[in-house]
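**Student:** Given chain A, put chain B in place with the hints provided.
Below, each chain spelled out in residue letters.
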Amino acid sequence: MKEVFVVSDNIISPLGFTTTENFKQLTKSVSGVQLQNRKDISAESFYASLFNQDALFLTDKIRDRYTKFEQILIASIQTAIDDAGIDVTTKKTILIICSTKGNISLLESEENNAVLKKRITLPASAALIADYFHFNQQPLVISNACISGLLGIVTAMRLIQSGQFENVVVAGADVITKFILSGFQSFQAISPAPCKPFDAERDGINLGEGAATIVLSSNKKSEKGIRVIGGATSNDANHISGPSRTGIELNQVIQKALKEAAIDASKIDFISAHGTATIYNDEMEAKAMHLAGMEQVPVNSLKGYFGHTLGAAGLIESIITIQQMRDKIILPTKGFQEMGVAKPVNITKTLVHSELRHCLKIASGFGGCNGAAVFGSY
Amino acid sequence: MELQYSAAIKRSKKTDLIAEKTILASCVISNNTVYKNSRPLFNSPDADLPAFLVNAYTHFKIDYPKFYKMDTLSKLGWLASEMLLAGENRVNSFQPDEIGIILSNANASLDTDIKHFNTLQGIASPAIFVYTLPNIMIGEICIRNNFKGENAFFVSSSFDAEFTESYISKLLDRQILKLCICGWVDLLETDYKAVLFLVGFGKEGQDILFTKDNIEQIFSGQSHADAG
Chain A
1 MKEVFVVSDN IISPLGFTTT ENFKQLTKSV SGVQLQNRKD ISAESFYASL
51 FNQDALFLTD KIRDRYTKFE QILIASIQTA IDDAGIDVTT KKTILIICST
101 KGNISLLESE ENNAVLKKRI TLPASAALIA DYFHFNQQPL VISNACISGL
151 LGIVTAMRLI QSGQFENVVV AGADVITKFI LSGFQSFQAI SPAPCKPFDA
201 ERDGINLGEG AATIVLSSNK KSEKGIRVIG GATSNDANHI SGPSRTGIEL
251 NQVIQKALKE AAIDASKIDF ISAHGTATIY NDEMEAKAMH LAGMEQVPVN
301 SLKGYFGHTL GAAGLIESII TIQQMRDKII LPTKGFQEMG VAKPVNITKT
351 LVHSELRHCL KIASGFGGCN GAAVFGSY
Chain B
1001 MELQYSAAIK RSKKTDLIAE KTILASCVIS NNTVYKNSRP LFNSPDADLP
1051 AFLVNAYTHF KIDYPKFYKM DTLSKLGWLA SEMLLAGENR VNSFQPDEIG
1101 IILSNANASL DTDIKHFNTL QGIASPAIFV YTLPNIMIGE ICIRNNFKGE
1151 NAFFVSSSFD AEFTESYISK LLDRQILKLC ICGWVDLLET DYKAVLFLVG
1201 FGKEGQDILF TKDNIEQIFS GQSHADAG
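Protein sequence lines correspond, in order, to chains A and B. Numbering of the first sequence is given in the numbering used here, commencing with residue 1 and proceeding in unit increments. Numbering of the second sequence is given in the numbering used here, commencing with residue 1001 and proceeding in unit increments.
These aren't lab readings, by the way, just hints derived from the structure by calculation. C-beta atoms are modelled at their ideal positions from N, C-alpha and C, and glycine is treated no differently. Take the hints with a grain of salt, since some may be wrong.
Unchecked claim - Residues on chain B that point at chain A, a partial pick, calculated with CB under 7 Å: (1) A1108; (2) A1124; (3) F1129; (4) N1146; (5) K1148; (6) E1150; (7) N1151; (8) A1152; (9) V1155; (10) S1156.
Chain A with its partners taken away, still in its complex shape (with noise of 0.2 Å):
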């Protein structure tokens, strides 16, 4: 089988356009998670990661071509394939778009018709922005509840290793609307302060809008990256709206990921979790964990940095990895600050130089789907 390796990656967040820019924020604590007074979203202010209105993600003479949705994937798509440097025209090379709800928003500000319930769907962009970049193949969407981005890397491995394409472009997106909050509100799972992740006192998610890239290739680019080396999906078969109360499906993908890495549990050296802090959420991933023999394992949720991005946080929070281990530096869990999981884990608290050979990114979401990818160093 062919190997997997890491080519380029981009993060377009409300705290940066690229991945460098991002991760300094990160470093210096910075959180793109503040109080918004968005009438057009909610009528009550609200925590969430959102772009300034007036943020602009391409130039003049294409903007008006695309949503917003759109706009800022093809902002993340040319860096990442600008400083990849592939044909994306070629046979052996394929675009993967990963979002929950895409232009979800374009109900609440067109008139619904027959024109719009074909402008609405995912796969309607994913062609407008594959014909962009001149992609010659037909793009795949992937629409996985929170485990989107996550899956498109999962996914990706496999189109590379199969040796069905040498190169896959994976980018994420989802842009936060009235539609989107409201649903969370309904669930009460909106926390009214910014999100305090396996934290005593968590109290629900903040949503956050962003869209990232990553390019994988079975062509490496330097002597030393980082590969994807494992990777698998689950589901709980337990609830649709609930995670499992056991963590068993999120480590049998954790196990199953780690065989096909051909490492064991005592070699993780982080863990990127999904973190949202929910009460349950939470908890069960700390299972996981002690299922897996990891709970000494160093963790950090992105959650109070970037919000729940939910289908970009797969992608954004693998990048985010990826860049810990290049730079070997561990981030630390914005808003935790005392451990409120029945299990105990490592979860970080402060920014550590470590270095990082293997990480595991784990990532959860409705419809009891689970996701796990290893990432190794070379």
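**Tutor:** Same frame as chain A, but now just chain B:
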């Protein structure tokens, strides 16, 4: 059954040839008709889709009260999975994490998205909002059957038989999965279609090979026996 499957897998290892993947069963729901393995099992011509699905649920004497809580897309996919799996005892030969579900459609959850959007003037309902993700349908099928393997939801403007065949075949060849439910479950307002395949190793009786052409033929209804 289990012996047969391991024999098929072993054979492939020994000779380094890829074992035959077969369509162990298929279910199509379209034009107010439920087909299993291309034979019509039930039809209810004058009902709209929600009524048709309830009629089919009642007709097949299924007892699963959660069915009524599902949105129409999940009801459609879930009912198709019930018909797909009915009488398929080979499913019992596998561990929960060896059985996966990989589905696709064109409109994701747009049918329910519009319903959630229409509540925004008043109070949003978590019971509707949770269904504004297409993979919830996968969760519903997993909960019913205790399937815990690989799951993924792809969205494409039309059914991509080639990708379905190649992606799922590789998951089976690598034994990431030993059995997979895959296919297409799409719904937007009055347009709908569900086509599910149960795919695994080993060929018995009427099993047909899991090839792009066979998938396409079942998808397009060319293999359907006459209704009657």
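**Student:** Decide, hint by hint, whether the structure agrees.
**Tutor:** Going down the list of hints, with the structure as the test:
1. A1108: 5 Å, holds
2. A1124: 4 Å, holds
3. F1129: 4 Å, holds
4. N1146: 5 Å, holds
5. K1148: 5 Å, holds
6. E1150: With Cβ-Cβ at 5 Å, under 7 Å, it holds.
7. N1151: 5 Å, holds
8. A1152: 6 Å, holds
9. V1155: 4 Å, holds
10. S1156: OK, holds: S1156 of chain B within 7 Å of chain A, min 6 Å.
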